Amino acid sequence: MGEFTVHRVRFFHYMPSAVRALAFQPQRQKIAVARTDGSLEILNRADHLFQEKVIPGREQRGTEALAWAGQRLFSAGLNGELVEYDMQELREKYRLDASGGPVWTLTCNPQGTRLAVGCEDGTVKLFEVCDDGIQFERNLAKQKGRILSLSWHPSGSRLVAGMAGVIWVFDAGTGQSVHRLLVERGTGAPRSKECVVWSVVCLSDGTIVSGDSSGNVKVWDGDTGTLIRNHQVTKWDVLALSVSQDETSLVAGTSEGTVVQFQHLSVVLGREDKEWVQTRTFKNHTHDVRAVLELDTAVVSGGMDTQLVVRPLLDKIDVKTSASALRKIHFPHRRLVSCSRTNLPPLSRPSRGTRALQLAGEEHICCSALSPCGGWVVVSTVTNLRLYRLQCDETISITKVTNQICFSSDSSYLFTASTCSSVHVLALSQSGCTFVCTLKPKSCSGQAILLLTASDDGKWLAAANADHEVQVYNLQKRKAYCTVPVYSSGVTAMSINPATNNLFMVHADQQIFEFSLEQKQYTDWSRLVHRKGLHPQWLERDTPVTNVTFSPRNPAHVILHDMYMFCIIDQTLVRLPSVAKLVNQLTLRSLPEKERRAHSHAFKICKTFKELLFVELLEDQSLVVIERPLLDITAQLPPPVRQKKFAT
Amino acid sequence: MVEQTDIRVVRCGGSKICFSTPILTNDSRFLICASGDSVKVFSTRTEECVHVLHGHANQVTGVALNPANHLQVYSCSLDGTVRLWDFIDGILIKTFTVGYKISSIYVSNKHIGVIFIILPMQSNENGEHFQLVAVRLPSALEQELEARELSAVLSDVSPVPACTAFGQGGDYIASAKGLQLCVYFFRKQKTYRFKLKATDKKGARNAFTCVACHPKDDCIATGHQDGKIRLWRNFNQKKEYTYSTQHWHHNAVSALCFSPEGMHLLSGGVESVLVQWHCKEVNKKNFLPRLGGAIAHICVSPDGQMYSTSHTNNKITIISSFRVSAVIQGLVKGGSVQTDLMIDPRTKALVLNGKPGHLQFYSLERDKQLYSLDIVQQEYIYQAGLDQFEVVKAALDGTASWLATVEQRGSKISSLEFSLKLWSFNEKAQSFELNTTITAPHQNMITAMCFSPAMDTTMLVTVAKDDQFKVWLLGSDLDEQKKQASWSCEHLGSYHGLQPTNCCFSGDGSLLAVSFAEVVTLWSPDTWELLTTLCQPPGTIEDLCFGRLSCSKYLLGTTTKNLLCWNLLTCALEWSTSMDVCVLRTDPLSENVAAFCHNSGKTDLFVFRPSEPRPLFTQKAVCVGRVQRCIFVPREDPLDSCDEWSQWLNRSRLHFLTEQMELLTFSTRAEDERILNSRKELLVDDSVAMTPFYLLLGKHRQQQQEKQTSVPSQAADRAQLPQGCVAIRELLHTPAHVLPPASFLCSVFLNSLLISNTGGRDEKELPEQEVDSEKEEVDSEEEMEMNNGPQGVRTQGSVGEAPPSLSRAEEKELRRLRKTDFSWVTSLTSS
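Taken in sequence, the protein lines are chains A and B.
Quick note on the numbering used here: the first sequence kicks off at 650 and runs consecutively.
Quick note on the numbering used here: the second sequence kicks off at 23 and runs consecutively.
Mixed in with the good hints, there may be bad ones.
Here are the computed lysine-lysine pairs in the BS3-like style, where the Cα-Cα straight-line distance is at most 25 Å [unchecked claim]: (1) B:302 x A:1293; (2) A:932 x B:306; (3) A:1256 x A:1294; (4) B:224 x A:932; (5) A:1293 x B:250; (6) A:1294 x B:250; (7) B:219 x B:238; (8) A:923 x B:302; (9) A:842 x B:306; (10) B:302 x A:932; (11) B:307 x A:932; (12) B:624 x B:642; (13) B:224 x A:977; (14) B:261 x B:199; (15) A:1128 x A:1108; (16) B:217 x B:260; (17) B:219 x A:932; (18) A:884 x A:1293; (19) A:1256 x B:223; (20) B:238 x B:223; (21) B:223 x B:261; (22) B:250 x B:302; (23) B:302 x B:38; (24) B:306 x A:1293.
These aren't lab readings, by the way, just hints derived from the structure by calculation.
Model, not experiment: these values are computed from the prediction.
From just these sequences and the hints, can you work out the full model?
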């Protein structure tokens, strides 16, 4: 394999934003993650928590709450608007002003027919979910102060609202308040500091659980309005609560960064009467946990430290697999950086490295690309696409919705993915760019395209969409060529081999496929890999491969990387790693000659670099490695709440 | 050889009371704990030992209240028996022989007639694997029974008693070993096992150390090696069990206990802080700090009013309403006794190292610590790896008016800190007071120290590793600032730059012997002139002592291989013998010298006179390992044995401390018989009158009834003479906590005085004294019933023996006395 000159780059100061809200859609196992910058991510729990879709946000439009109404996703923010998202086109469908000032909370009833919105002015507004939008239905009795948390009774007949110092129980039918539960300040708290109910949960037996700013999780009897149990969980705030579907487990996220689990257990074994008992505490966050989800077999939590943690509840899992391990999601499951193979520096989005492009407008960038010749940069937001010449910073603006952009290898064509899985082809010249044609798939599933890749000879273009389909287009004939057999897991990275024109795909479940475009079938190598099976340690990795490239000298060497390692697969070596141990190159080198040969295999793995964003091998055999250490991200976060540490 | 069997080695108190978890009785009045091979019953209020239950032949490993009768207690022992006692009267009720070494005992209300014990597995007798066994106790009436009906409950359990506990209602039993928790459900006969990982990324040490079960809920609390406490629930499921974790202790949790209602969980560890966790509010906890010693066991009384914590320094603290109310202190035995054993002639107490930084005064007679003298006067921090001041040397002068101590910190010369302190006995305060502190009295650590036995001077000699010995004298001139005379260095001596090892004064204080490596030098304390040197190579002199009384012309010395005896008159070696002497001690009351010799893992004892070549007494294999210290303790009443072998024990007893820090002594057959007789006597006494309390109160009641029916007769009056003495004895010798109110005692006491003095000569003087003392009593006890007192004694007397005849004059005098007496006091009380 030889040795490489490494450009170890850390100038890309990528900063993810904090997780603000989480919502789970149980039918399709989707988790929606709202971040403070207004962007939205959809993770597929069935597909190794692969980040399927990303909807970019806008400046000044932070999201406060998320709610699924059936398959539809709604969000609300402090700008007072309700937003519905178009999940196919990956953009906002419409916005609607709730006309009650900033919206703090939003919930949908379990039937998926009504949305309840808690507003700054103290009203709870009910919206009916119609086929084509939402319609204002009524206001519940107006209270003094803002509504900070809301929860529906599972039957949909009651609504519980948390405010500063008080919890109201409303009858959803009449709109009148049924109970008023006073939440007292914790002992020793100053008089001026009111106890804010950050989160409430209403259970099917009428029990109400509340989490408040004095660090208590309180269990109330909803029928009589009396406090049953008080659990002092933390000295700081309890910010989020979530209950499991079967209502046997409840989790609370706190400002200390802990997630506390409560379980509904019978105090005496075998007897019916049960109590909420504080059981486990998970400490995976350094900062506030702003959102939690209890998903029966796992607890998902996210907060100010920008990471999303999936903590499995091992007692509910029968077989221990890679899916049942603790997972932390730090970076998006996409390529954020593109690199030109000429000796120009790589470009990242939003780049602040050698030269930062300041973009006008308040919309966030959804994708970017750098042409292989290094002369063109293209940046797209939800509504428009900008093309830059690198020499003179000339901008050519095209207003088109684009999800994915890709250049042809000779930098003469620009491919932009658009609505209805279609791809627009633009021809680039010195004077500017001209629209050539639109490529449409044979059968339109309507899902947005997530990945685009063009072959080196300019003949092929492959596009992968959110339905796991990969369409191949013939660029010379300018029409659809074939469809790669659909695999159950999403494509995380793909590329066309410049020598053989084989499409190399890596999926979210870490499987590797190679598809011959000429023969329209999987190659022998791919079949061999699947017959023998990949190494269990390879399959147990928890971050997806985000980039696939080929060595310019020897295209049989495939270079791929995920967050923690990069790997070069030598396709000429048929030998796959033995079942016993997946040895990486560093340990291999330390072994004696004889053993080294016994342990050597086609997967050359290097774990020298930490928290990789991008790896690319240049023409002159030098390796560009872009790192983003997590410590740097943590250093930029605001200080966490002060905690007493033992022996300090 | 027959004579030799007369003398045997016995334990003489000072045994551990913190060996196993004690129990508090239902009414919280008594605390019952295992102590060596007996069970002790302490009063929780007065800290007195009420009963000692003798009977076991080996270490008692556990005690448990009989669930069927709360006035009975089971005890189990390594001798393979379980005994049932009545702890109120101190009577052995039954003995069940199991036949295996029992390491702990558990009982439950649900399993009456069955006890659960931990035994070594039958498969391997070397005792590495243990099992929990249920024993059905036979219900026959005999006193000694064989319990052979064993059924195994759990195999491979930990032998530590704290690692097993009965669950709520006795439905299940939880036991932890290593990293595994087992829960056995009796009804389903099913075992659930839960495993923890040994460690994790954060460096947790998850091994279990103790287990406790919630008395009302199904919740098991487990303590762990790293100080975590886990509360387990839902443990009747293989997978969906759950636990919550609490962490306060920074080191292993050694004891856990739930309060009887389940409101609180108590935990303790090496921090010597009792932590009270609130079960309902998990984050709330109360602390009881500075209990003075690592907590080994916690016990809660059945009514939840009283807690007790056993500490590793042989102490039991009784805590009521979360405040320390009483402390029961046994003989503190650390890792080693660095100071020598000494006898305080004033209190006849054994003086040795106590808790860190203290000297303890331990009464061997009463098996009780009298007091602890704080030498270092610094707070001791209970944390591993800290170098703190320890008392390493102590010496008392002949009359115990001066005490010298050396405290030391650090073992290397660079970090060595030590000081010599001299304490004078304050007669008024009845305790030692610090007189002089000398910091760094030598360049290097002090190896030996002794007071001069001469009566006219108080002189202290210290010998140190800096090749010098120093003589300290109490200054005669009084300072202006200080009221007292202080000590100062008088003389500094050395010999050829050799390192001194030991020093010793002759019996009359006229000679000082200091050993320098292989040479013994003799100095005159008057002129500090080197008189002579004695040398017998090879080997460094380790121990040195002069003979006593008629053998005072001999000087004894030991090297690692030899025991040497020099005649000081001829300045020549009298005799020498080859033996590895670990300890050499002279009896202060006789010429006898005891030498413990280490011989192939065992220690032999030789008692000899320096003048005679033949030893007075030898005993092979006194104990296993080296003897650490020994001392002759003068007897209060000398034995009169004329047997040659046991004659040396007539005037004093020999106590010695083994490697396992056991305090042992020698006992003769005559002594054994005497103790046995006294015990029998006590039993007979008990059968007549249960307790002194019953005796007094019962008689008082009888008398009250009698008072109404009959007028006391004259003859009854006279009968009080012998009985009166008994009353005094009872009053003085009964522990205070079992005495009836002073209002009863007062009259009895007074009457006994009154009658006993009637035979005296100055009859006229006495009544007035009597009246005076009674007046005082009346003042203090206002509710005293005036008429009951004398009559009570009268009837009491009539129970006993026939009235002795008195002369008419005496009788008349008595009657007169009585009348005046009464009228005087009644008028006084009415006024």
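Okay, the hints, checked on the actual structure:
1. For the given pair, residue 302 of chain B sits about 23 Å from residue 1293 of chain A by alpha-carbon distance, which is consistent with the 25 Å threshold.
2. Annotation: proposed proximity of residue 932 of chain A to residue 306 of chain B holds, straight-line Cα distance about 20 Å (limit 25 Å).
3. Proximity of residue 1256 of chain A to residue 1294 of chain A is assessed by CA-CA distance (about 33 Å); at most 25 Å being required, the pair is judged violated.
4. Restraint check for residue 224 of chain B and residue 932 of chain A: satisfied, since their Cα atoms lie roughly 11 Å apart, inside the 25 Å limit.
5. With a CA separation close to 17 Å, the supplied pair residue 1293 of chain A and residue 250 of chain B stays within the 25 Å bound.
6. Annotation: proposed proximity of residue 1294 of chain A to residue 250 of chain B holds, straight-line Cα distance about 15 Å (limit 25 Å).
7. With a CA separation close to 29 Å, the supplied pair residue 219 of chain B and residue 238 of chain B exceeds the 25 Å bound.
8. Taking the CA atoms of residue 923 of chain A and residue 302 of chain B, the gap is near 14 Å; set against the 25 Å cutoff, the hint holds.
9. With a CA separation close to 22 Å, the supplied pair residue 842 of chain A and residue 306 of chain B stays within the 25 Å bound.
10. In summary, the hint linking residue 302 of chain B to residue 932 of chain A is supported, as the alpha carbons are separated by about 22 Å, within the 25 Å threshold.
11. Of the supplied pair hints, the one linking residue 307 of chain B and residue 932 of chain A holds, its CA atoms being roughly 22 Å apart against a limit of 25 Å.
12. With a CA separation close to 8 Å, the supplied pair residue 624 of chain B and residue 642 of chain B stays within the 25 Å bound.
13. Distance restraint check for residue 224 of chain B and residue 977 of chain A: the Cα-Cα separation of roughly 17 Å lies within the 25 Å cut-off, and the hinted pair is therefore satisfied.
14. Between residue 261 of chain B and residue 199 of chain B the alpha-carbon distance is near 20 Å, which keeps this suggested pair within the 25 Å criterion.
15. A C-alpha spacing of about 11 Å is found between residue 1128 of chain A and residue 1108 of chain A, which places the hinted pair at or below 25 Å, so the restraint holds.
16. Taken as a hint, the residue 217 of chain B and residue 260 of chain B pair is honoured in the structure, with Cα atoms around 11 Å apart against an allowance of 25 Å.
17. For the given pair, residue 219 of chain B sits about 18 Å from residue 932 of chain A by alpha-carbon distance, which is consistent with the 25 Å threshold.
18. For the hint pairing residue 884 of chain A with residue 1293 of chain A, the CA-to-CA distance comes to about 11 Å; that is within 25 Å, so the pair holds.
19. For the hint pairing residue 1256 of chain A with residue 223 of chain B, the CA-to-CA distance comes to about 20 Å; that is within 25 Å, so the pair holds.
20. For a cut-off of 25 Å, the pair hint linking residue 238 of chain B to residue 223 of chain B is broken: about 36 Å separates their Cα positions.
21. In summary, the hint linking residue 223 of chain B to residue 261 of chain B is supported, as the alpha carbons are separated by about 23 Å, within the 25 Å threshold.
22. Distance check on the hinted pair: residue 250 of chain B and residue 302 of chain B sit about 18 Å apart at the alpha-carbon level, within 25 Å; holds.
23. With a C-alpha separation of about 36 Å, the suggested pair residue 302 of chain B and residue 38 of chain B falls outside the 25 Å cut-off, and the hint is violated.
24. With a C-alpha separation of about 16 Å, the suggested pair residue 306 of chain B and residue 1293 of chain A falls inside the 25 Å cut-off, and the hint holds.
Of the numbered hints stated above, those contradicted by the structure are hints 3, 7, 20 and 23, listed in ascending order.
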